[in-house]
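With these hints in hand, go ahead and build the complete structure from the sequences.
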Amino acid sequence: MNLRTDQIGFSQRVRLEWLEQTAGLVLDGNDRSTIFAALEDLLKDKVSIGGTAVRGNREKIITILMKVWFNAPRELESLRIDGLQLIRRLPCNHHLAVHWGMIMAVYPFWGAVAACTGRFLKLQGTAAAAHVQRRLREHYGERETVSRAARRVLRSYVDWGVLKESGTKGVYSQGMSLMIENPGLFAWLIEAFLHTLPGGRAPLKTVLESPGLFPFRFQPAAADGALAASSRLEVLRLGLDEELVMLRD
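End of the sequence shown sits at 249 in UniProt numbering; the numbers just go up one at a time, nothing left out.
Among these hints, one or two may not hold up.
[To be verified] No farther apart than 30 angstroms at their CA atoms in a straight line, the calculated lysine-lysine pairs in the BS3-like style are these:
hint	residue 1	residue 2
1	LYS60	LYS46
2	LYS60	LYS205
3	LYS122	LYS205
4	LYS169	LYS205
Everything labelled a hint here was simulated from the structure, so no lab data went into it.
As structure tokens, then:
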């Protein structure tokens, strides 16, 4: 695995509207200091109210927001630029998928929590926070920081509406499920997912059915046209009914 997939990084509860605001500030052409100041103003009465710590939760959230949409890792720059253009062009109800994909690419821990959650949802219809945390500690180590970060990511999923409270504390059920029909968004989200994988490749069927993409539904029949239109994806046919999708070098 590469270094990013070994790190937690995403350790705060982040609301969808904060990412939307950040993307809007970037699309308007603002520089780093202007975006940072605007986000501080946005969060001042929502997070760490009255706090003066140099690296309090508010500053950590702003770091996440800016790393997603302003200064993403170099290898994700093309993905970031195209993601911003999707936000500019697509209706607001499509934006959740764009923010999800970009966070997942920048912070693979978000996708790791999603994969654990999605597996439990598929197997038993609910996902208990304690079970998700235990699975993640098996991978990232027996640290309280892992459990705490996982809790905050799960609460973010609830805020976004893709998970909902089941009535039992700490147990969640599936929230909204979004059909991805736009070809450009279809290919872009697949590309974002591949950036979370070692080698950047996987069987197409595995990608479309990945528990890490549990809030979304795909039409496999639509894949060929959508992926063929992407300049950064390549599809190899391995057999009569198996295809491998990969990031182009």
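What's the verdict on LYS60 and LYS205, does the C-alpha distance respect the 30 angstroms limit or exceed it?
Violated - the C-alpha atoms of LYS205 and LYS60 are around 36 angstroms apart, more than 30 angstroms.
Under the criterion that the straight-line Cα-Cα distance not exceed 30 angstroms, is the pair LYS60, LYS46 satisfied?
holds, 13 angstroms
Run the distance test for LYS169 versus LYS205: straight-line Cα separation, threshold 30 angstroms.
Distance of about 34 angstroms is beyond 30 angstroms: violated.
LYS122 paired with LYS205 [C-alpha distance capped at 30 angstroms]
Holds, because 16 angstroms separates the two Cα atoms, which is no more than 30 angstroms.
When held up to the earlier numbered hints, the structure conflicts with 2 and 4 and fits the remainder.
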